[in-house]
Amino acid sequence: MIRTLLAAVLALTLASGLARAEAVGDILDTNKALVEHASRLTIGPVIDKLAASGDPRAETLLKAWGDKLLGLRKSDGAFVLLKRKGAAYQLTQPDGTDVGMAKRSDINILRPNAGVRRLIDGALVEFQLSSPDLKTRTEALSIIDHHPEAGQLKPLEASLKAETDPALRARKERLLRLLTIRFGENSAKRIAAINSFGADTGLDLRGTLNPLLDTHRIIAKAGEKPKGNIDRPLIPGKTITTEAAYDLLVARGEAPARQTPTARRQALEAHIEGGKVGGIPLAQLSDPEARDRAYAALEKAGQVPRAATTREVRAAVAAHDYWVVYAEADPAMTTAAKAALAKIAVKVDAMQALDLLLEALSLASIYFLAAIGLALTFGVMGVINMAHGEFIMMGAYTGYVVQQIIPNYTLSLIVALPLAFAVTFAAGVAMERLVVRHLYKRPLETLLATFGVSIALQQLAKNIFGTQARPLTSPDWLDGAWVLNDVVSISYIRIAIFVLGLVFLCLFLWVMKRTRLGLELRAVTQNPGMAASMGINPDRINMLAFGLGSGIAGSAGVALGLYAKVTSELGQDYIVQSFMTVVVGGVGNIWGTLAGAALIGSLQKGIEWLNPSNTLAAQTYMILFIILFIQVRPRGIIALKGRAAGD
Amino acid sequence: MDFLRKNPSVLWFLAILAVFTLAVTLMAPGTGSGAISTSFVKTLGKTLCLAMVALAMDLVWGYAGILSLGHMAFFAIGGYMIGMWQMYARTEEIVITSLAQSPIPPTATEIHQGIASQIFGVVGSSHMPEIWYFAHSLPAQLALVVLVPALLALVFGWLAFRSRVAGVYLSILTQAMTLALALWLFQNDSGLRGNNGLSGLQNIPGLGKVAQETLSVWFFWASALALALAYLLLAWVVSGKFGSVIRAIRDDEQRVRFLGYPVEGFKLFVFALTAVIAGIGGALYYPQAGIINPAELAPIASIYLAVWVAIGGRGRLYGAVMGAVIVSLLSSWFTGGRVPDVPLGFATIHWVDWWQVLLGLAFVLVTLFAPRGLGGLVDLVTGLHPPRRHGAALGPDSGSLQEREAQE
Amino acid sequence: MNSLLEVSGVSVSFDGFRAINNLSFQIGPAELRAVIGPNGAGKTTFMDIVTGKTRPDAGRVLFGEKSISLLKRSEAEIARIGVGRKFQRPTVFEDQTVTDNLMMALKAARGPWKVLFWRPGAAEHARVRELAARVGLAEALARKSGELSHGQKQWLEIGMLLAQEPRLLLVDEPAAGMTLAEREQTTAMLVDLAKTRAVVVVEHDMEFVRRLGCKVTVLHEGSVLAEGSIDHVTADPRVIEVYLGR
Ligand SMILES: Nc1ncnc2c1ncn2[C@@H]1O[C@H](COP(=O)(O)OP(=O)(O)OP(=O)(O)O)[C@@H](O)[C@H]1O
Ligand SMILES: [Mg+2]
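Chains as they are written, first to last, in the numbering used here: chain A, 68 to 714; chain B, 9 to 416; chain C, 2 to 247.
For reference, chain A alone in the conformation it holds in the complex (with noise of 0.2 Å):
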């Protein structure tokens, strides 16, 4: 008693220079019970009590308290703070008087459980608002983005006059409104905050208008409307299955339930007598309508608990109405909050198809990557390389082996393009010199023959490299992605893959159009006899041609193995849809290509966004298509004119 009132004279002494500010020590001392035992519903207003006490201690107290740092001194039942000295603690009063050390074993240390703890944080955020430093305000805010609360409202808008860093001062502004939304005084306010946004594409404020919308399903007796912010009404059998309404009454307790029919089994089986159910064979049970007769006869004997028959099901349902009602009560919030969401839908929309787009050019330009070696060796020599893939895969696996070697990423994947162009450029060289070379003007043999030298390959790197994928990491500043905003986003990965194609392209192009080898290549592949009558040797000109085309796909498979991962299978996914690529596009052109790329890169991802959940799919349809085009246009999109000679 007398140690309370010494207490109550102390505070007062300390509180006189504060006007009514309250010391958080009193505070404690008056709700010792529950702070003791603090439980997450009853221990708010000694928080709240503590947080507008005006003590400048407070904040450190209940810091302290949410990091398990509050205790009671075992000797007297005092609120101490601790700090960890050692094996130790030093232990300071609420006011901040130091009182000397103790043992771990002298202090009721309070634990207050993760309820409680968010209270305390939430308290805590007030203080943290206005603090001094940056990264804790930064940090509270962040608090609220993740746990809005009706209590932060208050702080939040105190706090946003004394703001003056710009940035977060807008932040504050926008979670100001997002926590108005939710929590403001009344609807009208509410609203005004709804319509201030636009049609703001934030996640943030989708997160807060979408609950606004939250609906339960409710059931009245038929013909009566029921209170509430009526969404819509829903009709059995149209915009509700009859089961869902049944199982709502049954959920409501007002019909009993359904009886699934293993149970409905089970219970026959319990009532066998003498080879009868119900005074049914059991050989007649074979009939669903036999055993209904059976159940009622059970039921009729009291033997079996009542279940709903379909058309009791159907009468309990007919009884009543149902309707789809929303939790938040008034009409004018729910109405803003669907109007507002509706102007973001439209303006997501358009986003997503530009993301769309986005996804369908990066698509495009892996097809093309894939592609263009072919579109040389292919489409201008007419070789079908089935090993193209296979160079592809070898690009690849370069990448991996110069990684090994140079750890540095950057400079490993510098060294790694014009390396791997070098390897696939020899191998495809090799290739032509050994196999291809006999074979031209023979393209099935030809055909079978580089598959033959596929096989072989992905086998020979599976020996070597093992079956399981290696990781070619891309540098640091290929991680990431370019982010537009919450919808529109690109990996920077797939900018390079884009920016590579281009290049590609551009080297074709030059090569063709500009070099002494596209011209003797061009007139070694329209007219070899001809052209080796004017003095080029078309056994260089092929060679050189196919060893640039292979060099072309060993770069690529660098950048498609960073895009993915690095298998013995990674050029056979990609040869169908090459050769596809090409075919479409029109052979013996490289525009062909690239619109062959685009075309089925776009049309991909167009039949993916139309059924989403199955990319599977969205390839067979998309190779369907392929085949019904060359229907239409069985020269390809950009088709070369011609005459075949002879006749």
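Simulated crosslink set (SDA-like; lysine to any residue; CA at most 25 Å straight-line):
1. K529(A) <-> A303(B)
2. K343(A) <-> A108(B)
3. K14(B) <-> A141(C)
4. K73(C) <-> Q698(A)
Read the hints as simulated data drawn from the structure, not as lab findings.
Fit chains B and C with the ligands to the supplied structure of chain A, relying on the hints for placement.
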């Protein structure tokens, strides 16, 4: 009989097949001494089915010049069609037995649902897709073994041939068709159990009491019979003017058009006929293999088929059979891990790892240096030699025979 | 005179280039006609149109007594109706024997199903032997046609055309690469053939044309420049200007 007299190779083939069948029967555990294992009998039976689809491939590629990379898809479709019945009927047996445990006889719906949830539980579904409508009926599914490949081949072929897609374009297109089909089957909601495929096909509904030893021999006989019939049929088809026309189409289809033959019709006929043969081959193959899944349709399988025919020597029926039998048996021997490793001192060649490399290279070599394939050996024996035409092809089309491939 | 083939107002252009320009042409059921003209005049394209290889942009092509339009028909259908064509390069099926080649060309049902069950009888063998004798290949019946000489292939192709029994025969530059003796033989053969059917011969060799002794049509830039006897057209100054040279 005029036909057999003019085609002595048919008699030779049938005789060799008969002797082989007899030998296997005498050695099989079910009917003979048991010198070979049941699984080997199955392997041999499967090989005969592969030879059958190789025959089909030879007709379509070797004779008509259409390098189809889709015939293994038809083969797999045949397998799926028969597998659907097997799976349905087997599951029905099991479900009925288990429901018979309970005292109350099951309703038709209960049986149906039991079957559906047994079969489709793995893909998280419990209702029977529409395409299983006929699965309860063996005759219906047997008809589908023929009809589905035929219909697919007709539709696809009509589209492709009508727009005069030929040569490698057609090959790529058929490959795309195969890929599309495989991707579709890989989906769980395709109704054919996604990548789980159909399994337990070695059990034949209604023949649960017959031991696998015996069953394997029965299937071997069926495969041998089917192969013999297919060979006879195709030998007859290619022996007359029809054979002449399709070989002419292979070498120069434009010229055939100016002779008045509807080239597209012939191609379509050959494409569909061979699709049916492939389908039947598949329907006999997969019950011996025991399982079928979409991986069987991978485009690569069809390329292997072309490889067999090329190694055997295209444009001659027995060549296709030789190629298929020898390469697929070698393949299963090498990949089965029973071939001794070759120590090289610095490294050891494990054939399981290197067989594929060897096969690939062998294939390149055959294409380059022995376009007549193994069939060339037969020519050596019978003293045939190709016309001397300084290496020119026998026609302007990409499918045409090369001089070195032709027999005199 | 009622005509077997009637081409009227036909035009075709390739990517804007008019290869055939409002061409009209008629030939009777048993007539020999030579078509001449400078390179690129459209002679081969004209044949392409009649045989269904190229579809014209405008015009009519009517054939036979019933005036069947050839425009909507495929190459094979047109061939079956009775139009045969001989290419400049001999094209026979080199992997098959002379007998097979002739057998294939024999007039008979062409549908796959019919062909499948078609087996040659004694009459067919006799006809093949007769045809082979006519083109001087009686000894070579069992040989692969790929082994024949260039000239023999020409003759085999002509034999195949005869076997087809066309009512209209289009022959593109038959004399190219032939010896003098062979030319004479060819001339005789064409004249003989034209007694029972219509024959159109495209040729650059004026000597050859003169020996055919038939009506001549001169094509230039896709349309008919002049028509008449060989002496008539060679005297025409426009023909001299564009084709014969002064
Ligand atoms: N498929 C085609 N594509 C483009 N141009 C074509 C085609 N077919 C023909 N031409 C053009 O039509 C014109 C006529 O060609 P055509 O072959 O009919 O001439 P020709 O009279 O037979 O000549 P020649 O006497 O040299 O054989 C030529 O200029 C040719 O280039
Ligand atoms: Mg010409």
